[in-house]
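Number of protein chains: 2
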Amino acid sequence: MNNPLMLDGRKVAQSVKDDLKEKINDLKEWGIIPKLATILVGDDPASATYVKMKSNTCHKIGMESERILLPEETTTDELLDVIQELNEDETVHGILLQHPVPSHINERQAFDAITLEKDVDGVTSHGFGATTFQLGAYPCCTPAAILQVIDYYNLNIEGKHAVVIGRSPILGKPVSMMLLNRNATVTISHSKTEDLSDVVKQADIVVAAVGQPKFVKGEWLKEGAIVLDAGYNPGNIGDADYETCYAKSSAITPVPGGIGPVTISMLLKHTVQAAIKQSEALVTH
Amino acid sequence: MNNPLMLDGRKVAQSVKDDLKEKINDLKEWGIIPKLATILVGDDPASATYVKMKSNTCHKIGMESERILLPEETTTDELLDVIQELNEDETVHGILLQHPVPSHINERQAFDAITLEKDVDGVTSHGFGATTFQLGAYPCCTPAAILQVIDYYNLNIEGKHAVVIGRSPILGKPVSMMLLNRNATVTISHSKTEDLSDVVKQADIVVAAVGQPKFVKGEWLKEGAIVLDAGYNPGNIGDADYETCYAKSSAITPVPGGIGPVTISMLLKHTVQAAIKQSEALVTH
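Quick mapping for you: the protein sequence lines, in order, are chains A and B.
Numbered according to UniProt numbering, the first sequence spans residues 1 to 285.
Numbered according to UniProt numbering, the second sequence spans residues 1 to 285.
I should point out that these hints are in silico values taken from the structure, not numbers from a laboratory.
Glycine included, each C-beta is placed from N, C-alpha and C at the ideal position.
Do not take every clue at face value.
Stated by the list, open to error - A partial selection of chain A residues facing chain B, derived with a Cβ cut-off under 8 Å:
id, residue
1, 108
2, 132
3, 168
4, 169
5, 199
Please model the entire structure based on the sequences and the hints provided.
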């Protein structure tokens with residue numbers, strides 16, 4: 001019997017925040033307070049909770065946040081105007097547009113209106129390209145959290161076969177590119193994949209990013225695989241069937257307490273990085 | 001014994017050009033001639049030949065081209081100025097910066113300075129992101145050529161397992177994303193991949209994009225695999241060992257005469273598409 005390593009996201013998140021607090025203190029000596037602007041359109045209660053949580057976490061570690069609430073009936077053009085103002089506001093270092101926006105708004109256009117320098121949530125198509133080409137953009141926060149867990153626990157991925165299940169613009173696609181840039185061999189699978197369990201069987205590392213509760217079964221896994229579960233379904237249930245996957249794996253993230261808690265800390269990390277970069281740019285000019 | 005289908009790139013390219021000639025004639029009735037600007041920095045003879053070939057092919061099908069030759073000692077800033085002028089020139093619909101530029105130039109910065117609307121060679125990081133997210137950008141020409149061959153021959157890729165060997169920004173990465181968007185399961189392998197031949201053995205479709213002559217061996221292939229060889233090594237030699245791969249495959253592109261001839265026709269196709277889009281934008285405003 002193997003004794004799998006439980007990958008503790010709360011510990012990872014704490015170490016990130018400890019590091020950030022130091023950086024934030026350093027910045028304050030220069031009179032700079034990293035600031036995240038969040039935009040919430042409409043009054044979806046789950047989204048409202050997420051945004052509040054993000055903004056509270058900012059304050060807890062000494063950052064500022066500006067919460068912008070827009071009514072349900074906001075048009076795409078009105079939203080674009082708000083984003084443009086924030087792009088130009090030198091006190092704002094990062095911009096987060098809470099997904100999803102009401103369906104009458106062109107969400108992609110709104111995301112892509114965020115200037116690359118402030119796209120700390122990694123949602124722009126340009127940011128995706130620049131992340132893939134390793135040009136210093138901020139990646140999406142959940143993929144970044146997955147990499148952070150890998151690094152914290154020193155998991156060896158170079159040359160290994162990672163199978164990503166899911167291909168969304170904010171999770172499956174970017175995490176695939178990030179694992180590839182770390183020299184993993186990467187397979188991207190999805191709803192149209194034939195014989196998915198056979199594909200997963202090849203994996204040294206499985207990234208579950210499919211958005212369906214208990215989707216990945218232990219019997220699909222190669223003995224000793226690493227399971228990184230980015231799922232977060234109603235009732236705090238992951239995309240992997242934890243019990244059966246645990247038994248087959250060498251290391252696994254639980255849900256809750258795995259990738260989830262690290263995700264918000266990535267948003268803060270990117271905002272601090274953005275504050276540092278934008279301040280340096282001001283000094284240079 | 002199987003009887004593999006030889007995928008004839010010259011036939012594919014001809015069908016693309018026939019279609020383009022009609023579109024170009026239509027545009028001429030509106031007084032619009034699609035125009036590609038090519039920039040060559042320095043005097044590498046191979047690059048000079050490529051650029052000349054591209055510009056000649058433009059003229060042959062009734063398009064215009066503007067060839068800009070810059071001296072070896074051109075600085076990044078000077079090159080950026082030239083690109084900016086072309087971005088603003090309404091008579092230019094597409095811009096191609098011939099790779100590679102002299103090593104003292106920041107090539108990535110120069111590529112990314114090309115405006116998305118005129119990036120007909122698909123080299124910008126933004127274009128890569130917008131291609132991946134299917135936002136109507138022009139993909140890189142070799143990946144586009146691979147998809148064109150797939151479409152011309154009606155090869156079934158949905159749900160199938162494609163293994164791409166290589167992960168360059170202009171070939172391996174974009175073709176992976178394009179195959180994924182067509183519902184293939186995609187594995188991206190590379191120089192750090194462990195047990196590459198085992199990985200290739202899983203493939204229904206192999207894309208050879210590694211830049212090493214006769215790299216992919218027939219014995220690596222699953223019986224009946226489709227081999228798409230994007231390699232073009234000195235002496236007109238592909239990345240696949242043609243004889244042994246032919247024997248195992250169900251369909252295969254030769255080198256020369258496979259993906260290569262289709263690639264230039266993709267550049268022309270994107271330029272014509274850009275001319276149509278930019279003219280429509282002018283009419284609408």
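The hint names residue 168(A) as touching chain B; please verify it with the least Cβ-Cβ distance against 8 Å.
violated (10 Å)
Hint check: 8 Å Cβ-Cβ cutoff, residue 108(A) to chain B
Hint on residue 108(A): holds, closest Cβ of chain B at ~7 Å, below 8 Å.
For the hint on residue 199(A), does the least C-beta distance to chain B fall short of 8 Å?
Check passed: Cβ of residue 199(A) comes within 6 Å of chain B, closer than 8 Å.
Chain B contact restraint on residue 132(A) - CB to CB distance below 8 Å
holds (6 Å)
Do the numbers back the hint for residue 169(A), that is, is its least Cβ distance to chain B under 8 Å?
holds (5 Å)
When each numbered hint is compared with the structure, a violation occurs for hint 3 only.
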